[in-house]
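Chemist: Fit the two chains together into the complex; they arrive one by one in their own frames, and the hints show the way.
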Amino acid sequence: MIRDITIGQYYQTKSVIHELDPRVKLMGTMVFIISLFFGKSIWMYLAVTVFLAAVIKLSRVPLKFIVKGLKAVLILIIFSAAFNLFLTDGEVVVRLWKLKITKEGIYQAVFMVIRLMYLIMGSSLMTLTTTPNNLTDALEKSLGFLKVIKVPVHEIAMIMSIALRFIPILIEETDKIMKAQMARGADFENGNLIKRAKAMVPVLVPLFISAFRRANELAMAMEARCYHGSEGRTKMKPLKYNRRDRIAYAVLAVYLCGIAALNIYMGGRII
Amino acid sequence: MGIVRTENLTFEYIRRDEEGNVEGITTAVDNVNLDLQAGQFIAILGHNGSGKSTLAKHFNALVSPTEGTVWVDGMDTRDDAKTLDIRQTAGMVFQNPDNQIICTLVEEEVGFGPENIGVPTDEIWLRVEESLKAVGMYQFRKASPNKLSGGQKQRVAIAGIVAMKPKCIILDEPTAMLDPSGRKEVISVLHELNKRENVTIILITHYMEEVIDADRVFVMDDGKIVLSGTPREIFSQAEYLKRLRLDVPQVTELAYELKQAGIPLPDGILTKEELTAALTAFKG
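Sequence order for the protein chains is A and B. 1 is the number of the first residue of the first sequence in my numbering; add one for each residue after it. 1001 is the number of the first residue of the second sequence in my numbering; add one for each residue after it.
Isolated chain B, as found in the complex (with noise of 0.2 Å):
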């Protein structure tokens, strides 16, 4: 069993109007069944309104299923017991920077969460010189967070996570906020964890750019889980992930025009070596 898992897994928000009345539900998770491993880097790809984020959400016991069930590294979300344990074992970052940031120096911020889950003193002092260290941004931790770029923000808010030790880290769109620079600043360093001390992470995201080095993607539409698969497997389906409102990378976009214009290529090209590579080997 993965360590995120899930079954059956529906949401529903109730809206009301002004007396309290139920006006219309809108399901914004429909019967989702994932088993997700651990170690993977695992994306999950989806336009707005796709129901990524509240599917995020679950995976820390945010919310609470309205049907089926969601179980992290084993525990069940709604048993109210586990909840800490749950948020211990899979953290998660936000899309907006500056709103989750709680405290005013960078060390303070990532002594946040070991703070919390009452780690002692001086492990403290450990855990966040380390995670610093593992975003490489240990020589701003006297800074205060106001003075840092989003990308830098950002990844003091995985710090901050990461010093919590959890086996699993959840991103709800961490780059959507970010200029180019700082969305390849946090991305390489979610590779670099997820590599280097094997923690499992779930990237929600809309930029296809980000998810080409992913061992497994999903495709969300509609609060369904519509493609899953590897990036090329994803990235062969241009027709169909046009559909989706979702763009592929510019080179696959290229490969498909290309092979739609009646050179042939193979399907789902990712980089530009690839490209290079079969229009070579096509010339040759």
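One chain only, chain A, in its complex shape (with noise of 0.2 Å):
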């Protein structure tokens, strides 16, 4: 199930989207969620699927690739789905012992369904598009100005970024420490909820083992190169806007205050 998390992995190929400057995508990801939870007309759910298609498409990203994000959140978007549909006051549709459906409830599930899922589905856009490091350098530089009231954003910045690195290495290592217990006769696969959370004990230990060896070596390798903090560091991808960032700017605000527009033309209304 490791293997599923798509959030954080970058998947390399040339398009429109990956040369975009790491700010815009950074504030297009923040302006996507935010339309997410405007309103609740489905026309409003239409004009965001179509522009999340749209920049699917843009990206050449395989929708596969993107889908499969999905399915490490798939036990929450359940969860939130039979919530929503079961525990809405409204006009009663299907009464089932003591459980109601309603239709207000029926609106709500699909909704929060599409929700989560274009929640996951645009944020992992975003690191599938960005290198980590770019992604970083993006944050690093647009909360800056946290710098003045002594948020240590560049060492925050760096933290992210050595850890994303480590994920697949950590997820290798992982399969390889449990690989060599399955040898030994340990079972990961049997048993309750409970007996199995033990098993991954023996996994867990030398896991946390060699990730602070690994640490300790890192931090030994980072000042042997000389790194010492932000501080008269110079960049090699430095970030800069450039016509494309404007257009992509242009576009974002064309799309929130569309969507805006047509929440405030649909009132209430679901239809």
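Everything labelled a hint here was simulated from the structure, so no lab data went into it. For every residue, glycine included, the Cβ atom is placed at its ideal position computed from N, Cα and C. Heads up, a few of these hints could be off.
Unchecked claim - Covered by chain B, according to a simulated footprint, are these stretches of chain A (three or more residues, beta-carbon under 8 Å):
1. 127 to 138
2. 230 to 241
Said to hold, decoys possible - Chain B residues, not near chain A, derived (Cβ > 12 Å throughout):
3. 1016
4. 1057
5. 1281
6. 1284
Modeler: Pasting the structure below:
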């Protein structure tokens, strides 16, 4: 299941979206997520879907890849759908013993599922098209104002980019440790939840030990290469806006205004 | 005075128990005096626990001596104000390729060092290109380091150091985790750098095959330098090396055994060609 997590992975290809300034993509993802929670009319969701589909098409990342990221949060989606379905008051459609499904509940559940799915898809699209380094550069630069109140922005960004770089390595390591334990008779697949959780302990202990050892070595390697924080550091790839990015910002603004206008026009109506 | 010089260098690890009381002291480096000449290919040999890695860390100011002094290009490693200059002069490559790669793209990885020392952007790109070409990894500049083989990763790590334009590169068992072909790749890149760019190479290793072409070899045991000289001088003492739990190259070993069996061969034969020549001479 760990392999299903696509958040934080990078899909290498050449596309307009890949070449956008990471700050645009960061802003775009934020705008997109906000727009998801704006209203509840079908037309709005249609507009959001068209926008998301267009961006996915432009990014040239296979849809299969983006959808794969949903598997990891499937349970969460099912739970929130169920809660919304059964616990919303309103016009009763079906009554099952003590549970009742209302018309409002159905709408709520469907919208919640769509929202959560799009939320995951939108944010994985950002990480799939942006290298982690670019992403943290963008975070560092757009959150730079926090430095005034002594937030170690550069350090946090560096920690994030290293964490992302080590995800595949630690996954591989977990795999190796599990196989080594399985070879000696460990059982990860049978038994109830508690039993299986207990079986994970002998995996987690060596994993943590090796992670600390890696961290120690990495810190030394960074020091040996003169890393000493952001002071006096230059950038190999400084962030610069160009024409493409300005167009993207304009598109975003139009999108946001469009969604807002649509919601005002629709009022609280669903259809 | 050489590029790296040590005087009475001693380093002790203090082992403590859970309450922080001193349990014992391990002397990892014991009164070492070295004077390494610039432009040479230097190898430091020793089995596990002989103190060679600790010694290497002194050259990069990663550890400070307990006693004695280390100078890198005339700078005392204990001087905190000089630490960055020292690390720029003497770059260091470590054993595990995975644990020393910081970035997710090869070119960004190579650019990491120059970024830290404040090289302007255009110059970083030039240096990245040059150093990737120097190690023969230029075609992989857009790849993710995770997808490379061990030997390739280690070449990227070397490029990352080369991009900082050091006078000297210290490599702490860079081939220990590689397969034979990766090992060959890395060693030939090092010789290339040494010859073409005139970079001093300090190679810490326990593989004998890697030191045959070195200019100067030091052998460490129990924290002390016990032998020093050219590879030929070192390998002519096959018996002593074996006592230090070090192997000699296969060809040298064969020559040594033949000699023990009564065939008169010269000491310190290093290559197949030499052995063939010596045997032919004996037959004729």
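Chemist: A separate judgement is required for each hint: does it hold in the structure or not?
Modeler: Now for the hints, and whether the structure bears them out:
Requiring three or more residues with a Cβ within less than 8 Å of a Cβ of chain B, the coverage given for the region 127 to 138 of chain A holds, as 3 such residues are present. Coverage of the region 230 to 241 of chain A by chain B holds in this model, with 7 residues showing a Cβ closer than 8 Å to a Cβ of that chain against a need of three. No beta-carbon of chain A comes within 12 Å of the beta-carbon of residue 1016 of chain B; the shortest separation is about 18 Å. The Cβ of residue 1057 of chain B sits about 8 Å from the closest Cβ of chain A, inside the 12 Å cut-off, so the non-interface label is violated.
Even its closest Cβ contact with chain A, about 49 Å, leaves residue 1281 of chain B beyond 12 Å, as expected for a residue assigned away from the interface. Here residue 1284 of chain B stays apart from chain A, with its beta-carbon at least about 54 Å from theirs, past the 12 Å limit.
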